[in-house]
Amino acid sequence: AAGVIQSPRHLIKEKRETATLKCYPIPRHDTVYWYQQGPGQDPQFLISFYEKMQSDKGSIPDRFSAQQFSDYHSELNMSSLELGDSALYFCASSLGGLAGDEQFFGPGTRLTVL
Amino acid sequence: ELKVEQNPLFLSMQEGKNYTIYCNYSTTSDRLYWYRQDPGKSLESLFVLLSNGAVKQEGRLMASLDTKARLSTLHITAAVHDLSATYFCAVDPPAGNEKLTFGTGTRLTIIP
Numbered sequence: 001a002a003g004v005i006q007s008p009r010h011l012i013k014e015k016r017e018t019a020t021l022k023c024y025p026i027p028r029h030d031t032v033y034w035y036q037q038g039p040g041q042d043p044q045f046l047i048s049f050y051e052k053m054q055s056d057k058g059s060i061p062d063r064f065s066a067q068q069f070s071d072y073h074s075e076l077n078m079s080s081l082e083l084g085d086s087a088l089y090f091c092a093s094s095l096g097g098l099a100g101d102e103q104f105f106g107p108g109t110r111l112t113v114l
Numbered sequence: 115e116l117k118v119e120q121n122p123l124f125l126s127m128q129e130g131k132n133y134t135i136y137c138n139y140s141t142t143s144d145r146l147y148w149y150r151q152d153p154g155k156s157l158e159s160l161f162v163l164l165s166n167g168a169v170k171q172e173g174r175l176m177a178s179l180d181t182k183a184r185l186s187t188l189h190i191t192a193a194v195h196d197l198s199a200t201y202f203c204a205v206d207p208p209a210g211n212e213k214l215t216f217g218t219g220t221r222l223t224i225i226p
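Quick mapping for you: the protein sequence lines, in order, are chains A and B.
Note that the numbering used here has the first sequence beginning at 1, numbered continuously upward.
Note that the numbering used here has the second sequence beginning at 115, numbered continuously upward.
Quick caveat, the hints were computed from the structure, so don't treat them as lab data.
Careful, some of the hints might be misleading.
Claimed, not checked - PhoX-like mimics (lysine-lysine), calculated; alpha carbons at most 20 Å apart, straight line:
#1 K57/A <-> K13/A
#2 K131/B <-> K22/A
#3 K57/A <-> K117/B
To be verified - Calculated from the model, a selection of chain B residues having no Cβ within reach of chain A, i.e. all distances over 12 Å:
#4 P122
#5 L125
#6 Y147
#7 K155
#8 E158
#9 S159
#10 Q171
#11 K213
#12 L214
Note that the structure is a prediction, hence the values are computed from the model and not measured.
The beta carbon of each residue, even a glycine, is placed where N, CA and C say it ideally should be.
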């Protein structure tokens, strides 16, 4: 069965650079969630989209922005990167955007900021 | 603000033994998830618990949910080395709020 696809899988950037992470949800899923997981930490919710509209927002820095496109894929844009942004970034998708619909996680993008 | 706590944070156990991981959460929720994560890997869904009293079993793992106590347990029976991983519970708050709030995780190491 098709799963959530994330690209790139690994990304190395310098401080103050920008990065764009991409997420392709499971076919027919209309909701996308972004999570950030620092080393040894639990995943923290960043932002979510349902039917191309932002549906919820968590602890996402102002330097980050995200959107969901007409084909339901999503992009997380990160600017003025800081060392503390080094983390695993997961995208998850679900169907329906309703509380309780299971979220399926992608393989993650490992971002390293030097 | 929803808080989700797991204990223990670290668990080292011998093969063949039984143990339980606990997940407590602070606000009403009827939906709780258990995930497994290997180092540097993604989150693998283990169980979805959708109602009070729900119990699910898969192999050597069994999960249960008590919504009145706001408690879920993940029980490991006759542990084997392959179960070594970090286990997270995650809570889906009441309707209208879709994000998952994760517990702190339990790093499980099975010693041969």
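The hints, checked one at a time:
no.: 1; hint: K57/A <-> K13/A; in the structure: violated, 25 Å
no.: 2; hint: K131/B <-> K22/A; in the structure: violated, 42 Å
no.: 3; hint: K57/A <-> K117/B; in the structure: holds, 17 Å
no.: 4; hint: P122; in the structure: holds, 15 Å
no.: 5; hint: L125; in the structure: holds, 15 Å
no.: 6; hint: Y147; in the structure: violated, 7 Å
no.: 7; hint: K155; in the structure: violated, 8 Å
no.: 8; hint: E158; in the structure: violated, 8 Å
no.: 9; hint: S159; in the structure: violated, 7 Å
no.: 10; hint: Q171; in the structure: holds, 18 Å
no.: 11; hint: K213; in the structure: violated, 4 Å
no.: 12; hint: L214; in the structure: violated, 6 Å
Going through the hint list in order, the structure does not satisfy hints 1, 2, 6, 7, 8, 9, 11 and 12.
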